[in-house]
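*Asks:* Take 10 as the starting number for the sequence shown in the numbering used here and just add one per residue.
Mixed in with the good hints there might be a few duds.
Claimed, not checked - Below 25 Å or equal to it, Euclidean Cα-Cα: the simulated DSS-like pairs (lysine-lysine) are: (1) Lys-92 x Lys-232; (2) Lys-248 x Lys-233; (3) Lys-237 x Lys-248; (4) Lys-232 x Lys-159; (5) Lys-159 x Lys-233.
The hints are simulated quantities; they were obtained by calculation from the structure and are not laboratory data.
Since the model is a prediction, treat every value here as computed from it, not as a measurement.
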Amino acid sequence: MGSVATVVEALEQVDLRLQFDPEGWVALHKSIPLWLGGGLVAFGLLACLFGSHKILFRAVLTPLALVLGLRLGPQLAELAHLKLSAQLSRQLAAALLSAAALAYPPIVLFLGFGALGGLLGGEIAGNDDYWMGFGPGFFIGGLLAVALEKIVAVIVSSLIGAATFVLGLITVASATSLGGLATRWPTIDVAAAAALAVLSMAYQFRFGPREKGDERIDEEKIKKRRAKEKEAEDAARMKRFEEYARKSKGQ
């Protein structure tokens, strides 16, 4: 239980700001027990290969929802005008967002990318009109994420999978004689995770699992193509008949 509590405390301290901090990211391995590091390696590899699948994507998105809930719980409770302790608000937000990720991932995608769009819109609008820019940015970002769910699923699963895979490897390596080598150059670790994410995106876009909806779309495309081919054949046949008829009249 102590190791789990340590992991939860580390997640509560995760900095969600968009900044390049390789040292801080690599340092997370100190809060991860060895057994969980091995699990992160397996989970990350699975996410990189098949993370965009509808069922597996729920499992990939759940840890992200958990982190968001633990980190943003007090702020969300304040926005909702709920008088809760910081610990209770974190637990409640983490539970609700995790349940949403498992039940209906678009909710988390809308909130997550809506927040990113809102932050971007607020920065563009400036401090004086921050909320005037945050509101439209939030809805535009959220709606785009839901509309492009398949593409977003590939990108998110690739990024999460690559990050967890490399972080798991660092955690496992830290228990061996290679530990110092694995953590000596954090920028290289981040670059390796980025390269793996790009490879994962390319693989999933090309060879990723196909959903039933995709199969129906393919069948419809095949039917339309066959119908066009049949129309072309019928037109060519009628043209030959007309030419034959003209030749017969000429004789």
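*Asks:* Look at each hint and say if it fits the structure.
*Replies:* We went through each hint and held it up to the structure:
1. Lys-92 x Lys-232: 59 Å, violated
2. Lys-248 x Lys-233: 22 Å, holds
3. Lys-237 x Lys-248: Within the cut-off at roughly 16 Å; holds.
4. Lys-232 x Lys-159: 24 Å, holds
5. Lys-159 x Lys-233: 24 Å, holds
Of the numbered hints listed earlier, the single one contradicted by the structure is hint 1.
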